[in-house]
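Engineer: Chain by chain, the residues run as shown.
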Amino acid sequence: MRKVYFDHSATTPTAPEVASLMVEYMTTHYGNPSSVHSFGRETKKALIKARAQVAELIGANPLEILFTSGGTEADNIAIRGVAKANKKRGNHIITTQIEHHAVLHACEALEKEGFRVTYVPVDEYARVNPKDIEDAICDDTILISVMFANNEVGTLQPIKEIGKIAKEHGIYFHTDAVQAVGNYPIDVNEYGIDLLTMSAHKFHGPKGVGALYIRKGVKIRPISFGGAQERTLRPGTENIPGIIGLGKAAEIAKAELEGKMAHLQRLRDRLITGIQERIDEAKLNGHPTERMPGNVNFSFRYIEGEALLLNLDLRGIAGSSGSACTSGSLDPSHVLLAMGMTHEIAHGSLRLSLGRDNTDEDVDYCLEVLPEIVARLRSMSPLYNGNKEA
Amino acid sequence: MYTDKVMDHFTNPRNVGEIKDASGVGEVGNAKCGDIMRIYLDIEDDRIKDVKFKTFGCGAAIATSSMVTELVIGKTLKEALEVTNNTVAEALDGLPPAKMHCSNLAADAMHAAIQDYMKKEKVQA
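Just so you know, the protein sequences line up as chains A and B, in that order. Counting from 1, one number per residue, gives the positions in the first sequence under my numbering. Counting from 1001, one number per residue, gives the positions in the second sequence under my numbering.
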């Protein structure tokens, strides 16, 4: 059976050249970079190179890059670290309703510790209005955190405008750019970003490693304690194979970015148009143009997302859904609900996220299989005929 | 993760459809929680002659609907009323814990269809 992987927003395959380099740093160059001897020095050199590769990808200085265990840890260090370090200046944080749980739950935890958090709403396309961010600013606001691109519906946020507002008001600006880094061009200076979260496995690096960009001068405090690694902000022996892998993946992403974006956009638009032509009452979720190059997200009325995913999986196609059954709770995704979607429509959502190895044949195959599956599930749905005229 | 039996009933659901002029129709669930099950019964001499279902929902919702139709076809109403949501889950070799609560409502829909039939009978009598 044909296998089509359309879940690159969840994770991507590690690039073979990244994986083979990582093996070298497990078996041959295994020294601890804190060690004085040649084994340690060798690894230290590689660590410095990886930092430069990551900095290069986002237009930062290598000394502004902090390696972490992934996006979640980077988000936590950014939010908790800035909140704790700037408590004297104020205790108000602004974020949005559609952030990843790593940001939302970190903010909720701070609320329990006495901080105030404003969760700014989004429009029907999951886009934040910069004016709403500005209106939420108070005298005691210390941090604004808005994701670069949404992980479910792919909507790109007006980061440049928000960066400008933050700067004008002298407030730190953090962006969770896990979906965007390596898949969309980012320059931290051009966008006015003070802190930025990235994760290696979203752009053909390994799982379990990420980075936090912290602009020079930002006041931040450690949230865990130990040795002097990563300027004490992320103590513990460095995950060298992971960091080397992240560096290599960043280098490849930078070189491939333009070509990859054009390829993904073309496949994405073919898939979107193809679905719209073949399936009635299919609603594109997210912004029609301001969206990630590889993101396709639809709601199919009258059917439920998990049933759709299972059927696609039986035909070899891997996707994901914002339905309650796949979100691990009784409610469908908080992102789809924040966009004003009804529960019923949100339950029927399907995300297909494309990657660099996908082909036109993958899109053709999906367009052949998907309409049959939707039709079959609709024929079983008690909502289908009853609600059609309504 | 679903059992083989759940996947079998999900991929080849039994008795999908509607019954015109059904003796009783029962519906449970709502679109908000993502599961709606509707069961149609054709009843003759207190026995379920035919049963059909339509379901909006996840894999477990479809599989339990299919299974309940198999369990009650040919049964007397009394026997059918003894079939519970748990009976259905057991017949499928179990459901993931998260699904026991939200998607295991097929027997309730079937009971609702029997109640509907009994109500109609009473009116006629």
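It should be emphasised that the hints constitute simulated quantities derived from the structure, not laboratory data. For clarity, every value in this text was computed on a predicted model and none was experimentally measured. Treat the hints loosely; a few may be bogus.
To be verified - Here chain B is said to cover these stretches of chain A; the calculated rule only asks that three of the stretch's residues, wherever they fall, bring their Cβ under 8 Å from a Cβ of chain B:
1. 95-108
2. 343-356
3. 370-381
Stated by the list, open to error - Under the rule of at most 27 Å between Cα atoms (straight-line distance), these lysine-lysine pairs were calculated in the DSS-like manner:
4. B:Lys1032 - B:Lys1049
5. B:Lys1032 - A:Lys283
6. A:Lys216 - A:Lys44
7. A:Lys3 - B:Lys1052
8. A:Lys44 - A:Lys87
9. A:Lys3 - A:Lys84
Think of the CB as a built atom: it goes at the ideal place given N, C-alpha and C, for glycine as much as any other residue.
Engineer: State the violated hints by number, sorted upward, taking the hints as numbered earlier in the document.
Structural biologist: 1, 4, 7, 8 and 9
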